[in-house]
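> Chains A, B and C are the protein sequences, given in the same order. According to the numbering used here, the first sequence is numbered sequentially starting from 1. According to the numbering used here, the second sequence is numbered sequentially starting from 1. According to the numbering used here, the third sequence is numbered sequentially starting from 1.
Please keep in mind that the hints were generated in silico from the structure rather than gathered at the bench. Computed from a predicted structure; not experimentally measured. Careful: at least some of the hints might be erroneous.
[As the list claims (entries may be wrong)] Taking lysine-lysine pairs in the DSBU-like style, the calculated list, with each CA pair at most 30 Å apart, reads:
| id | chain 1 | residue 1 | chain 2 | residue 2 |
| --- | --- | --- | --- | --- |
| 1 | A | Lys284 | C | Lys148 |
| 2 | C | Lys172 | C | Lys148 |
| 3 | B | Lys134 | A | Lys284 |
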Amino acid sequence: MDQFLVSLMNGVVYGLLLFMVSAGLTLIFGMMGVLNFAHASFYMLGAYFAYTLQGAIGFWAAIVVSPVLVGLVGVGVERFFLRRVHQYGHAHELLLTFGLSFIVAESIKLFFGNYPVDYRIPAALDVSAFTIGGAQYPVYRLLMGGIAIAMFVVIYVLLTRTRVGIVVRSAIHKPRMAEALGHNVPLVFMGVFGVGAALAGLAGAVAGAFYTTNPNMALELGVMVFVVVVVGGLGSLGGAMLASLLIGVVTSLAVGIDRSLADLLALVGVGDWAQGVGGLMTLKISSLSATIPFALMLLILLVRPGGLMGEKG
Amino acid sequence: MTMKTTLSIVAAGVALLLAAPVLLSQGLLNAAVQMLIAALFASAYNVLCGQAGMLSFGHAAYFGVGAFATVHAMNAVGGAGLLPTPLLPLVGAGLGLVFGGVAGWFATKRTGTYFAMITLAIAELVHSLAPHLKGLFGGEAGVSSMRMPAWGFDFGSTTQVYYLVLGWTLLCVGLLYLYTRTPLGRLTCGLRENSQRLRFLGYDVHGLGVAVFAISAMFSGVAGALQVLSNESANYVVFDPALSASVILNCFIGGVSVFLGPALGAALMTFFGYAMSDLTRSWLLYQGILFVLVMLFMPAGLAGLPGTLGRLRRRFGLARLLPLVLLSVGAASLLSLGGTFAVELLQRVFSQDYRAAVQMNPGVAWPDVTLLSRAWSPGSPATWAVPAALFAVGLALVWFARRLHRALEEGESAPPSVASASASATVVNVPVTRSLA
Amino acid sequence: MKQRDTSSRNRLTHLAVAPVMGLLVCGAAAAAPVKIGVLETLSGPQASSGQAYRTAVRYAIDQINAAGGWNGESVQLLEYDNQGGPAGAADKLKAAAADGVHMVVQGASSAIGGQITEDVRKHNLRNPGREIVYINVGAEALELTGEKCNFHHFRFSGDAQLRTKALVNAMKQAGALGTRVYSINQNYSWGQDMERAIADNAAAGGYQVVEKTLHDVNKVQDFAPYVVKIAATKADSVLTGNWSNDLLLLMKASKSAGLKVRFGTVFLDQPGNLANAGDLAIGHFVVHTFNAEAGGAEGERFVNEYKARTGHAPAFIEPQTVFGMAMVADALKRTPAEGGKLNVNAFAKALETAKVTSPMGQMSMRAADHQVQMPMVVSTVAKDARYKADETDMGFKPVKRFTATEASIPAQSNCAMKRPG
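Take these sequences, add in the hints, and give me the full structure.
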């Protein structure tokens, strides 16, 4: 039971981390219709900026300043790159962000080298919160989860209760009308893109210390973030939260399940035949834990393409 | 461009390709084989992306399916092969068609971004499962095979492989071109333009989508089969998203609106990777920068360049166009030189070996780096002045080119009586443009 | 220290005059220098190891040339980037063959190693008289000296069985193994080889494998679920062949969960690991092919020379590459020129009987399967190690050394090597 609880908590925290990165992506897609392939690169930039600044201004200040820098990079990307390609259609915007992700990854390799860098949690935070099931639960994980939840609450309140939020939401749903009413829609776009990038940068700054900070971070997280956004519903913040938690928990719990399809078939008596067939039948669910999100994504796309909380059809 | 000029250009191209083994070294010939395969894959992909307007993110899956089908066919019958070697791509085509049909049936149920996401999900699923299915995909060393002699050839030398690949590539590209001429090919463009209207006209849009997907997957399977014939092995890394990404890149760099655009883009980028990867460590960065620049400034791709030039020439005439072209080419060269220089300098200064050397001797000035067989000191401003100067001159040329372009446009739109200079220019130009038209 | 950039110069001029060079090489009956090609992953996500191999090979070739080269000529080094994949490797091998290399050196990936050994075999079949030898300095898949063994392939590094045998022996002697061992590995041939090796050594090590786990390669970000599983089995130690992120994240996750197990690893000495792991790495074990402290005065001399030439101490796979190339040099010395050119088959026969003495001890090549018989060393991470790694205050302190004979494993039975006439 303890093991299950720990796995559940780990899954929730991992899911919250995914949410931090995908929140920005889903907002950007909902607003501009462009799937930003460079979003995971913002995550990576956040980690590297924080690593560079940590030596100079300390851990906490680095965590605050690094997202701001990444946000500025995001604003620059929108203003100087995306805006120029907007007229040629979604495919071009998408491919441009794709090319940018290449450039960011290679530039990081140029300046920081190919190996992981030494970005670590400060010793003061590297303690355990409580003991459960014979293992300790680190404070930093709870901190990551806490930051993610705080972020969700802040964005939700901003979008639904403030004037800025109303303008942003109207720009998302009816950009031309909002522009006709006199709002500076291009400025809104730029701002949302920058904020989205800053959120990903914050996730990177926080998570890079806990996991490793290396030039392949963007590749590792990138596809999972897309899965989250699709499963949750393109443009829906609540959907992104739900989907990230779902995927985090499923991935975490699946590792503990050492059963395969053959074991399931053994219940109806054809277990030996399934074992003999081998291949897909004898693949353990624990080995497939990284594949399950893709199967989930395919299922959602076929059955309910709007995602769990997006629009239907 | 007229039919005759197009045909003559195509004929010249084919003649050049046929003569390649005589003209190129063995190493470059092998690169040519890879370029042909990439060109075929890109042309097959363009059926779906450029003509039908359906952006698929996981097309490497069908390339890979064709590859593995072919390698298993090569190993079948105790190594003798299911079919004679030159006919083996048919296996790749067949399985590509079947798998593409199945996947396409699911994928084309949705459109736009959702379609792209479904194709991505399918590709990622195959990519995740492949390492686990050892019998089919052979683990990370892949499945290897050997080309068997057939029809009097032993297919041992690169030259014979080249002709085999060339034959199949020309055949498939020819078939793809004929496809665009058939009613089905026309309907494909209709899918891109207005699928709603097609539905109203009574066509089964879903079935159409599946057919187009399957055809694209079939030719991708042939490309995969050709790669297996050339490399004599298939590895599950072929399902990597990087390959799907590279075919999209190649297509758009070449230009999706012209038939041979993707093939051109693929050939160019393959050669670029082949040549650059041994020259410099930062070639991926250059590839990314090139891609972004093409997306920003040449949205119609490289194949759109002759069209743009032709239009400009018809508007302004060759004499006035030439300085503009020279300025642009000069600006582009200087900017790329400056950029390359800066990147290479930075790469050497930030490399691990250099940083370790600096740390070993803390008091001494930073050692020199080698670039273009010369030593450059990173501390001295002279070193950085070189790329800065190249950039400055390049940007100045860009500014001049822009001014000239604007002057040409204004000169053209102004009525002939107002500006005598432009009037005399048009008088001078008329006979020139007539003779060149 | 000047950066050597022979590569760009070589490649640039080569591209420009390729056809002419081809004609010249064909036409010249006079002395033809030995050409060695490094076919590595020099760009892309896995570039870090490939570049390390290249540095080591460059160093080794400089040593060969400083000692006079071969047949009075310097040995030439050509570099090829396989762009991270077997398809790229196949292409560049063809390019290398077209350039007339006599041997290709590679080590960064078993997948690419598998591709190269097969391609070399087929090339040699089709081009008698222009054979190529594959010098494998790091691809450790068992099948390369088993099922896929090939007369023109020589391996100069360990494999899963060799490493596990030494690791288990040393850890047992140090009392760190315990009786309950957890085996966690990556789900591909290397990881599966390790899993089998860990199970095979259970009797010798006096332990029971309480659970075996295989996980996706380089895809798992959060190892906490796996740590939960390890904790549930109450294992004393964890044996793993994981590398790069998979190893780091596993160790980090087990530290934050406060799991008290001893790790026995194969790749803990990969650059960047100690810096990233920090103090949590202390006390864990690694089996590797070189430890400067264990090498005594010879080891120190090697480290200093290497550092002087390349700017950093030899780490990870660099020493085994240098020693392997030293054996190549030994074989080259014993291969006389035939008409001014190198007879590759004669060279390969000489390499089969090559012997050198490295700072770690005697090394020799086993002719049956072309697996090098080399000393192994098991070290533990400690603050009082003589040589610090990764610019931290920790280093690898040797626990036990194994001579080549002690570390040796018999040749696999499924290696049926076809020798040329």
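> Can you name, in rising order, the numbers of the hints this structure does not satisfy?
2
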